[in-house]
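Enquirer: Knowing the structure of chain A, use the given hints to seat chains B, C and D on it.
Chains as they are written, first to last, in my numbering: chain A, 2 to 154; chain B, 2 to 154; chain C, 2 to 154; chain D, 2 to 154.
Where hints are given, some of them may not hold.
[Unchecked claim] Taking beta-carbon pairs under 10 Å as the criterion, some of the chain D residues facing chain C (in silico):
{"hint": "1", "residue": "Asp8"}
{"hint": "2", "residue": "Phe9"}
{"hint": "3", "residue": "Thr11"}
{"hint": "4", "residue": "Ala40"}
{"hint": "5", "residue": "Leu43"}
{"hint": "6", "residue": "Val74"}
{"hint": "7", "residue": "Leu92"}
{"hint": "8", "residue": "Pro130"}
[To be verified] Sample of chain A residues lacking proximity to chain C, with all beta carbon distances greater than 10 Å (derived):
{"hint": "9", "residue": "Phe9"}
{"hint": "10", "residue": "Ala12"}
{"hint": "11", "residue": "Asp32"}
{"hint": "12", "residue": "Gly35"}
{"hint": "13", "residue": "Ala40"}
{"hint": "14", "residue": "Arg55"}
{"hint": "15", "residue": "His86"}
{"hint": "16", "residue": "Leu100"}
{"hint": "17", "residue": "Thr129"}
{"hint": "18", "residue": "Glu131"}
{"hint": "19", "residue": "Phe145"}
{"hint": "20", "residue": "Thr146"}
{"hint": "21", "residue": "Arg147"}
The hints are simulated quantities; they were obtained by calculation from the structure and are not laboratory data.
Beta carbons: idealized from backbone N, C-alpha and C, even for Gly.
Number of protein chains: 4
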Amino acid sequence: MSAADIDFPTAGRFVGREHRFPVRVYFEDTDFSGVVYHANYLRFMERARSDMLRVAGIDQRAAFDGAEGVYAVADLSIQYKRPAHFDDALLIISTVDQLRAAACIIQQRIWRGDDLIADARVTAAFITPEGRPRRQPAAWVEAFTRLLPNQTL
Amino acid sequence: MSAADIDFPTAGRFVGREHRFPVRVYFEDTDFSGVVYHANYLRFMERARSDMLRVAGIDQRAAFDGAEGVYAVADLSIQYKRPAHFDDALLIISTVDQLRAAACIIQQRIWRGDDLIADARVTAAFITPEGRPRRQPAAWVEAFTRLLPNQTL
Amino acid sequence: MSAADIDFPTAGRFVGREHRFPVRVYFEDTDFSGVVYHANYLRFMERARSDMLRVAGIDQRAAFDGAEGVYAVADLSIQYKRPAHFDDALLIISTVDQLRAAACIIQQRIWRGDDLIADARVTAAFITPEGRPRRQPAAWVEAFTRLLPNQTL
Amino acid sequence: MSAADIDFPTAGRFVGREHRFPVRVYFEDTDFSGVVYHANYLRFMERARSDMLRVAGIDQRAAFDGAEGVYAVADLSIQYKRPAHFDDALLIISTVDQLRAAACIIQQRIWRGDDLIADARVTAAFITPEGRPRRQPAAWVEAFTRLLPNQTL
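Same shape as in the complex, but just chain A (with noise of 0.2 Å):
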């Protein structure tokens, strides 16, 4: 690893069919109540995400400065199971559950070493810029079919 990579952000790895991204709780994602605020795991979730497709090869900032379309979250649920604090170092691990022509589910756990802190699912819609469901680009369901349960690696 090199300097400059030192002080360039992750974008998570994949191992197998995983995502493997590193969260840590700043002061911005609490509440006065001490623990992680419920909808803050929405965006860490959504961090991974975005990088988990960074990683695969899919450029989500091309696609939209080219007016193709944009991911958006048309359906989610979470069970939060153990809050997280200030300072602790989460990892979420993302795996694609499901690809359809203009969609695909995601599966996201978020985990304090051998703690679950919450179970997600989410599926993400293409849509165009006027926000109609597109089939998503063909290189971007290729990348996803290699992610998916049934495929061997």
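Expert: Same frame as chain A, but now just chains B, C and D:
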């Protein structure tokens, strides 16, 4: 309405068993794709829940300061139906769906006029300062019971 | 005030040249140290500025949608005087301090009753969609001029 | 770097007296105008300050849990020089500018490559759990002193 009231934040109001709470969409709520960022609807809904409790006579801050306990979201599911945009005036309608000893389940729908923006179901668990489930205070159970669907108004 | 108004978000009001805007402190606004997180006062102040413009007759959304331009904060200083807590009812008082061709300087004070919570000065620059400074629309300059300290009401 | 380290969040690093901390811009950080929302740079800077302390050997969480005290921002000024966008890789460079008994002043600059995005000066005051100013722990003063500009490295 006196001058003082005008300078005071609204807590919404009950119409029958429905708590109605208005929210304006500001810069902070949107993202570069042009619509409200998905996690921010959870912030809107929490404001509505806190003020639903306030109007129902439940003082969350006193319970926290007295080390009785605090609500924590244990489970949440949300479907995003239509995007909301900067400057939109939204209305959050919350109803108590179910009451348990140490939790209550609240249904929350976000509307822009007649358009349903999001539809969510939230389980809020009452927990001790140490994070263990605790029975909700008797007065709160009574307040919630009056809001249950099978009750006569 | 009609039933419809009650379900509509407030935009605050002018008392003379002062725009007064109420804010409630929710879970999302605080951090584990027990008080409002410092960056969140900037969110409160932006809500107040957006609604000050709205009440003054300035339509930011139409200007953005029409590709005329949008305000961006160019400079900000803030002194934090006292902490605010969960459940506090705050009042943000904003005044136009200075008007330039492509920017306006707004003073914003956050109060809890007679306690000054924070005191800030914000320079908002009007910029094109490409990010270059642009003269503010003539009608807006007129609206701001009426709010300047050296003007007769 | 071991596999475990890869799954661990970075805390940045010191190069001389400068703490360098990388940040990626995600959906959550932007607003509908297409750029990073101005208040979110304060969140980035607080992450950098927290990790600057961590790398300098200061344990904020232990001090808070032990009821010694916690830092609170007392004064902040920031100039926004250029907008940052979704997907940008930023670098926050923080230096200790001045040290007082109960506060330290930190200069923070946000860079995207050679472009200066924002330039800020933050006074962080050490306060008791009741919110009163308190002398910073001796070991912390020592750690900060090594980082002051007039010190020999």
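Enquirer: Each hint needs a verdict: does it hold in this structure or not?
Expert: Hints, verified against the model:
Contact between aspartate 8 of chain D and chain C, as hinted, is not supported at the beta carbon level, the nearest pair being about 24 Å apart and thus beyond 10 Å. With 10 Å as the threshold, the beta carbon of phenylalanine 9 of chain D stays out of range of chain C, its nearest partner Cβ sitting at about 21 Å, so the hint is violated. At about 21 Å, the closest approach between the beta carbon of threonine 11 of chain D and any beta carbon in chain C exceeds 10 Å, and the interface hint on this residue is violated. Below 10 Å, beta-carbon pairs count as interface contacts, and alanine 40 of chain D has one with chain C at about 4 Å; its hint therefore holds.
For leucine 43 of chain D, the suggested interface contact is upheld, since its CB lies about 4 Å from the closest CB of chain C, less than 10 Å. For the restraint placing valine 74 of chain D at the interface with chain C, the shortest Cβ-Cβ distance is roughly 4 Å, inside the 10 Å limit, so the hint holds. Among the interface hints, the one on leucine 92 of chain D is violated; its C-beta lies about 20 Å from the nearest C-beta in chain C, farther than the 10 Å criterion. The criterion of a C-beta within 10 Å of any C-beta in chain C is met by proline 130 of chain D, whose closest approach is roughly 8 Å, and the hint holds.
Every C-beta of chain C lies more than 10 Å from that of phenylalanine 9 of chain A, the closest at about 24 Å, which supports listing it as non-interface. Non-interface status of alanine 12 of chain A relative to chain C is upheld: no Cβ of that chain comes within 10 Å, the nearest being about 25 Å off. Against chain C, the non-interface label of aspartate 32 of chain A is violated: not every CB pair exceeds 10 Å, the least being about 5 Å. The non-interface label for glycine 35 of chain A is inconsistent with chain C: the shortest C-beta to C-beta separation is roughly 5 Å, within 10 Å.
The Cβ of alanine 40 of chain A sits about 7 Å from the closest Cβ of chain C, inside the 10 Å cut-off, so the non-interface label is violated. Every beta carbon of chain C lies more than 10 Å from that of arginine 55 of chain A, the smallest distance being close to 25 Å; the non-interface claim holds. Separation of histidine 86 of chain A from chain C is inadequate, the least Cβ-Cβ distance of about 7 Å not exceeding the 10 Å criterion. Distance check on leucine 100 of chain A: its Cβ is at least 34 Å (rounded) from any Cβ of chain C, clearing the 10 Å threshold; non-interface status holds.
Residue-level check passed: threonine 129 of chain A sits 18 Å from the nearest beta carbon of chain C, beyond 10 Å. At roughly 14 Å, the least C-beta separation between glutamate 131 of chain A and chain C is larger than 10 Å, which holds for a residue marked as non-interface. Separation of phenylalanine 145 of chain A from chain C is adequate, the least Cβ-Cβ distance of about 33 Å exceeding the 10 Å criterion. Annotated as non-interface, threonine 146 of chain A keeps its C-beta farther than 10 Å from every C-beta of chain C; the closest such distance is 37 Å.
No Cβ of chain C comes within 10 Å of the Cβ of arginine 147 of chain A; the nearest lies about 38 Å off, and the non-interface call holds.
Against the hints set out earlier in the document, violations occur for numbers 1, 2, 3, 7, 11, 12, 13 and 15.
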